[in-house]
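A.B. asks: Okay, here's what each chain looks like letter by letter:
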Amino acid sequence: MAIGLHDSEVKNPVLRWVDQRLPVITMLQKEYGTFPTPRNFNYFWNFGALAVITLVIMILTGVFLSMNYTAHTTLAFESVERIMRDVNYGWLMRYVHMNGASMFFIVVFIHIYRGMYYGSYKAPRELLWMLGVVIFLLMMATAFLGYVLPWGQMSFWGATVITNLFSAFPLIGPEIVTWLWGGFSVDNPTLNRFFSLHYLLPFVITGVVFLHVAALHVTGSNNPLGIEPKGPQDTLPFHPYYTIKDSVGMVAYFALFALLVFFMPNYLGHPDNYIPANPLVTPAHIVPEWYFLPFYAILRAVPDKLGGVLLMFGSILIWFALPWLDTSKVRSMRFRPIARIFFFLWVISFFVLMYVGGKPAEQPYVIIAQVATAYYFLWFLVILPLLGKYERTLPLPESIAAAVLGPRASTGGGPLPGAATAKPMEKA
Amino acid sequence: MADSMAPQMAQAAPGDVPGTTKRDFLMLTTAAFAAVGVGGIVWPFVSSMAPARDVLALASTEVDISPIAAGQSVTVMWRGKPVFVRNRTEEEVREARSVPMSELKDPATDESRVKRDNWLVVVGVCTHLGCVPLGQKPTDAKGDYNGWFCPCHGSHYDTSARIRRGPAPSNLLVPDYAFTSDTMIRIG
Ligand code: HEM
Ligand code: FES
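Residue numbers (full-length UniProt numbering), protein chains in the order written: chain X, 1 to 428; chain P, 1 to 188.
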């Protein structure tokens, strides 16, 4: 081996030539081949991979939609209709992109609940978790911007209401809104910049996803028991065990995705978005896309404008603090009999908010939204910190192998987790 | 790392603050220049997103108010926004003027919001999150105060378009306008 070349184990001479100079094959083999992975994953561990696939689908369909989309107020609506009627498979591109956004949020919500339930945000995975929250915020921004592009009634009024959120900030609020619009109302300059940013942000997301996964490969994955693997008997190589398990999930996922796209493509959307934008008439009942509803309900639960806006942003930003709000040493809720109940209540409060967010702002929905909002924050700010102190957790199993194999624990086994960190990626 | 050793090696001139060195000074000036430079580069980008000159130059809007009978309203466009022009009935004017200031969330007398008693001109954009309130058409819901009602999050405005109930923080905005004759107004 010549000086300065990577000591590649690849056999094929061409691939070997590449790998010696840029060890991507060695890296893939290490990070996705032999990568030691806890042997006890359940199907909740599919959702990270599903999210990555969805991101790829969104970028692919998005790039092809852009080839026929026109970002101008007089043409946008018609260009989308043209995509639907005249462009070959345009309907498919658009329905996949439209429902892909919903699927993306379904997947990511489950991915987040998974992290919360199994305590994946706790040390040493705090930064990994926080990068995930950044991805979620970027996704929300991207989806919001994208929804404006077809320039229907919901596009226009959604854009108006959401950009106006910034007017709640004292002093500079109104200036910020004018700056965001590039004018005195949501108009052509707004549509243009929204398209530009909608095209850009998914690539920013891709970058943060890369960091998210890099951080994951430093700490290794958490698992349903929430205890770290202690030796080879606790792990399996990622390939073929988890490539197969992820593939099984993927097939089920695509089946559901196809069901939406081919049989009920507009089920999750709002019919008013097939009416061209009209700046003079607000639809009688404006609602955001379903994935924004819980946060929208929090906004409306507060009778004060600035208070509502702060609480809405706070409801997501508080996730950043989760690793420090939860002081319990035990990760997995399997061993936290009390926290588990309160956590399920929190998930219910999330769905209640989603439900009332789609209802008119009148009683009894307002009071329900207020109760659910109160509980949403109570869980993070009071219940979780207190439980860390007072909850009596159940005894943890000795090891992953002992828990899943019982007495057979000493037989079989995968690679050592230490092997992953002994040779850091950048030196590979 | 090298800087941390500098203080011991540098000879402080008389009158200098002890512990500071020429290098600290150079570091700070360099950082200050860099900050100004970055600001200078960022500004054109930020500023390019603000309303462009053609948008700012949008003409004012003229409205012929002669066809608007008492009790009727029209909606006109001004800078991409709806403006409500309402010819109020005497009853509505009386209603607006009999409200004690203490009952108002954003206190303003009706007199201060109009130029001629019966004519009310306001920007038809809810001060909560920007929806267009209902109440322009005779068949619209007018809310509990007989003015306008914003369906988005339930804000009620009175016959002077002042906020009375709901999440909106302030009254519907009165734009700059002038009566150019008895039957014409110019907005903007
Ligand atoms: C994070 C990934 C993405 C999300 C969550 C997302 C979300 C959305 C949503 C919700 C819509 C509105 C669909 C509708 O109701 O018609 C939309 C439209 C659109 N998106 Fe994306 N998008 C993503 C990535 C991209 C990318 C990477 C591009 C371009 C390279 C793109 C280009 C477009 C175009 C041209 C439209 C307008 C056509 C239409 O409305 O179907 N998107 N996007
Ligand atoms: S926009 Fe009118 S009440 Fe919210």
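These aren't lab readings, by the way, just hints derived from the structure by calculation. Incorrect hints may appear among the rest.
[Stated by the list, open to error] Beyond 10 Å from chain P on every Cβ pair, some chain X residues (computed):
id: 1; residue: Val161
id: 2; residue: Leu165
id: 3; residue: Trp179
id: 4; residue: Leu180
id: 5; residue: Gly182
id: 6; residue: Gly183
id: 7; residue: Thr219
id: 8; residue: Tyr267
id: 9; residue: Asp272
id: 10; residue: Leu280
id: 11; residue: Asp304
id: 12; residue: Phe313
[Said to hold, decoys possible] List time: in silico DSSO-like cross-link candidates among lysine-lysine, alpha-carbon distance up to 27 Å:
id: 13; chain 1: P; residue 1: Lys105; chain 2: P; residue 2: Lys142
id: 14; chain 1: P; residue 1: Lys115; chain 2: X; residue 2: Lys359
id: 15; chain 1: P; residue 1: Lys142; chain 2: X; residue 2: Lys359
id: 16; chain 1: X; residue 1: Lys30; chain 2: X; residue 2: Lys11
id: 17; chain 1: X; residue 1: Lys230; chain 2: X; residue 2: Lys245
id: 18; chain 1: P; residue 1: Lys115; chain 2: P; residue 2: Lys105
Here the structure is a predicted model, which is why all the values come from computation and not from measurement. Using N, Cα and C, we set each Cβ at its ideal position, and we do this for glycine too.
A.B. asks: Where does the structure disagree with the numbered hints, that is, which hint numbers, in rising order?
C.D. replies: Of the numbered hints given earlier, those the structure breaks are 1, 2, 3, 4, 5, 6, 10, 11 and 14, listed in rising order.
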